[in-house]
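Q: Sequence:
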Amino acid sequence: MKIGVVGGTGTLGKQVVEILRQRGHEVRVLSRHAPDYPVDLNTGAGLGHALQGCDTVVDASNNPSQKGAKATLVEGSKRLLDAENAAGVRHHVCVSIVGCERDLFGYLRIKAAQEKVVERGPVPWTIVRATQFHDLIAYLLGSMARLRVVPLPRVTLQPVASAEAARAVADVAEGQPRRGRVEIIGPEAADLRDLARTWKAITGSHCAVLPLPLAGKTARALRSGVLTTDHPDVRGTIPFATWLKGTAAAQHA
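Numbering follows our numbering, in which position 151 of the sequence shown is assigned residue number 138; successive positions increment by one, without gaps.
To be clear, the hints were calculated from the coordinates, so they are not data collected in a lab.
Please note that the accuracy of each hint is not assured.
To be verified - Below, in silico cross-link-like pairs of lysine-lysine (DSS-like), each with a Cα-Cα straight-line distance of 25 Å or less:
| id | residue 1 | residue 2 |
| --- | --- | --- |
| 1 | Lys57 | Lys103 |
| 2 | Lys232 | Lys1 |
| 3 | Lys65 | Lys103 |
| 4 | Lys65 | Lys(-11) |
| 5 | Lys1 | Lys57 |
| 6 | Lys187 | Lys204 |
| 7 | Lys65 | Lys1 |
| 8 | Lys54 | Lys65 |
| 9 | Lys232 | Lys187 |
| 10 | Lys(-11) | Lys54 |
Stated by the list, open to error - Derived DEER-like restraints, expressed as beta-carbon distance ranges:
| id | residue 1 | residue 2 | range |
| --- | --- | --- | --- |
| 11 | Ser52 | Thr205 | 19 to 27 Å |
| 12 | Glu5 | Lys65 | 24 to 32 Å |
| 13 | Arg166 | Gly233 | 23 to 31 Å |
| 14 | Ala195 | Arg10 | 18 to 26 Å |
C-beta: ideal position from N, C-alpha, C; glycine also.
When you get a sec, could you build the whole thing from the sequences and use the hints?
A: So this is what it looks like as structure tokens:
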């Protein structure tokens, strides 16, 4: 198969690319700075050429800024789907987030809006939702720890290794469009504060993890586990602590 991976240089995308190539597929990396297939979802530049001949497209694009996310993920998805339709792409795989439909806050709302664009678009589709990646949690905690004090609210998460999420995305990309969702979560649910304490113990950080009380509807939802699911299609096997120890060992090797 010829498979295009939009955002193929990101944390998830580059692993999807590697897995699909190992499985014998011809994979094109599509991103703003890709040497062979540069594309810009904000303008549509490069999409026609990059998608020509592709059977399937995986959209693993991301934009962390609130303003930029809407332009890339919502308006950009419309341009991408139109270009896929013109190129004869037969399967669009959208990477999303477990719980985004709950309308909690900005970025999740944008991901939910992106999903609606995909559902209404002209290309047969599958949406793969994942919980937060171990990589993201470790990065956020590391950034906050520089301040020596890490205030955190109670949030129930069930993080997954990005490698396991990438494998699930690759499996979906090889299959037929489902016009439905596949959800992947990690093996263990945990409070964010407990994850922070685990991170602190393994990394040797001297930061102080402090409670940050939050009230209101959104806070209650985050505590109740709105960002995970009781009925996943795929459950990862690598706990946060195991992943973190492996990462720390690799960095010191």
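Q: Run every hint past the structure and note whether it holds.
A: Here's how the hints hold up against the structure:
no.: 1; hint: Lys57 to Lys103; verdict: holds (13 Å)
no.: 2; hint: Lys232 to Lys1; verdict: holds (22 Å)
no.: 3; hint: Lys65 to Lys103; verdict: holds (10 Å)
no.: 4; hint: Lys65 to Lys(-11); verdict: holds (21 Å)
no.: 5; hint: Lys1 to Lys57; verdict: holds (23 Å)
no.: 6; hint: Lys187 to Lys204; verdict: violated (30 Å)
no.: 7; hint: Lys65 to Lys1; verdict: holds (23 Å)
no.: 8; hint: Lys54 to Lys65; verdict: holds (17 Å)
no.: 9; hint: Lys232 to Lys187; verdict: holds (12 Å)
no.: 10; hint: Lys(-11) to Lys54; verdict: violated (32 Å)
no.: 11; hint: Ser52 to Thr205: 19 to 27 Å; verdict: holds (20 Å)
no.: 12; hint: Glu5 to Lys65: 24 to 32 Å; verdict: holds (29 Å)
no.: 13; hint: Arg166 to Gly233: 23 to 31 Å; verdict: violated (37 Å)
no.: 14; hint: Ala195 to Arg10: 18 to 26 Å; verdict: violated (46 Å)
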